[in-house]
Amino acid sequence: MFDLADEIRSHWIEHEHQLDDEYRKKLKGKIMATLFWEPSTRTRMSFEAAMMHQGGRILGGFTAEGSSTKKGETIADTIRNICGYGVSVIVMRHKLEGAAREAANYAEDYGVSIINGGDGKHEHPTQTLLDLYTMHRQFGDITEKKVAIVGDLKYGRTPHSLTYGLGIFGADVYLVSPEQLKMPPEYVSEYEKTFNKQIVQLEKLEDIVEVADVIYMTRIQKERFESIEEYQKVAGIYKMDYNMAKRMKEGAIIMHPLPRVNEIDLNVDNLPQAKYFEQSQNGWFVRAALLQDLLGVKE
Amino acid sequence: MKEKPWEKMPMIENGVVIDHVPTDRGPLVYLIVLPYITNGITANIRTNIPSQKLGDGKEYGKKWVFKIEDDIIDTTLENKIALTGEKEITINRIVNYEVVEKYHPELPEELSSILQCTNPNCVTSHDYHAGQRQRFKLVSEEPVVYECEYCGNQLYQEDIDKLLQKDI
Ligand SMILES: [Zn+2]
Chain A
1 MFDLADEIRS HWIEHEHQLD DEYRKKLKGK IMATLFWEPS TRTRMSFEAA
51 MMHQGGRILG GFTAEGSSTK KGETIADTIR NICGYGVSVI VMRHKLEGAA
101 REAANYAEDY GVSIINGGDG KHEHPTQTLL DLYTMHRQFG DITEKKVAIV
151 GDLKYGRTPH SLTYGLGIFG ADVYLVSPEQ LKMPPEYVSE YEKTFNKQIV
201 QLEKLEDIVE VADVIYMTRI QKERFESIEE YQKVAGIYKM DYNMAKRMKE
251 GAIIMHPLPR VNEIDLNVDN LPQAKYFEQS QNGWFVRAAL LQDLLGVKE
Chain B
300 MKEKPWEKMP MIENGVVIDH VPTDRGPLVY LIVLPYITNG ITANIRTNIP
350 SQKLGDGKEY GKKWVFKIED DIIDTTLENK IALTGEKEIT INRIVNYEVV
400 EKYHPELPEE LSSILQCTNP NCVTSHDYHA GQRQRFKLVS EEPVVYECEY
450 CGNQLYQEDI DKLLQKDI
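Residue numbers (the working numbering), protein chains in the order written: chain A, 1 to 299; chain B, 300 to 467.
Read the hints as simulated data drawn from the structure, not as lab findings. Nothing false has been slipped in among the hints.
One-sided and incomplete, this derived list gives chain B residues near chain A with beta-carbon spacing under 7 angstroms:
#1 N420
#2 C421
#3 H425
#4 H428
#5 A429
#6 Y449
Quick reminder that beta carbons are idealized off the backbone N, C-alpha and C, glycines included.
Chain A extracted, bound-state conformation (with noise of 0.2 angstroms):
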């Protein structure tokens, strides 16, 4: 798969940020509902761009105010409603955890394939694909480059899908966080379990930056705390500045699921450590890819 979103990259950039015909006809006359119960303008848009780059469309306009949800519409119903209107994949995002699945359970009938673009805090499988994505681009194989993990760990569905990612890739994971947003022990020991490795935890960005290949910085959000002292207690402990990039080691990058508040200063942007844009843009190269994988025509 990112062979193949390396092929669209290329080409990409190559052909002055176009596809030729040759890709516009990939996915012609294919179908893709996109499913937002939950909002997230970025993700739908991500695919939507990979979906039109190739030549298929897009049937959207849902929305969980409109619809029938509202009225008590299981998940089953709607995506039964939605097949039957001829799509070839649906994109989706839920609140609740594990609906993706559910949705699966129907659409298999229908020949469809289901795309889960994040359900509750359970998973975002396309977010840690295009994060592991990025550092394959940086380094090829990434079997022990050691990656920091940076800030909200407790709740954010991005650093426990990915560092399960990582294991999968041998890479080396740190925890960088304060106590009270440190990683679950649960994800902490799956990991160490199914890999054989050791998890490192750490408080203070200072003690990892001059050794980490990744920073991967997040977002401590404030709506996750029950008050707002607890909330200023952590916020903006974490601060990627330009001094502290500058320590880092050659070759080493920082990346962001975005979008940030004031994790990254914005004189981090120029340098050659920053990585999260084009991080945000292989999604949609990566996204391509599975689309291409899922419902292209095979010669």
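Please build the complex by placing chain B with the ligand on the supplied structure of chain A, with the hints as guidance.
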């Protein structure tokens, strides 16, 4: 302290003996068995019987024994007893005063009844259709851990105990 011969429980002719229930788990097993013996079935339940098997090698342990004059055993009951996580519990089937079968109920690898996901954000707790298709996978026997196949939430013994009681 050993059980005195005159304290022995009466034998049953046809039915089931559930034996070696550790004393602290007796009340839970009682709640599990109760719905099965409410229909005029004769049952003899004795608490705090000394048990060598449940002891630590030096001291005797204490057990509960359930003697039920009817073949009440079904898969649900076996599963519920297994879900207590007490591996010593034995089920004896009695025909004509003879033990014809003696076994420890096993934890099912997969389970789509009895358990319910405890994750408040799980799709099975909100979506009517998903709720009817709950499924759990056994991920560990000691301690007992079941995992919701939808959201990945894991149920531990204390969650399972609550569900075993709630069902009654
Ligand atoms: Zn669940």
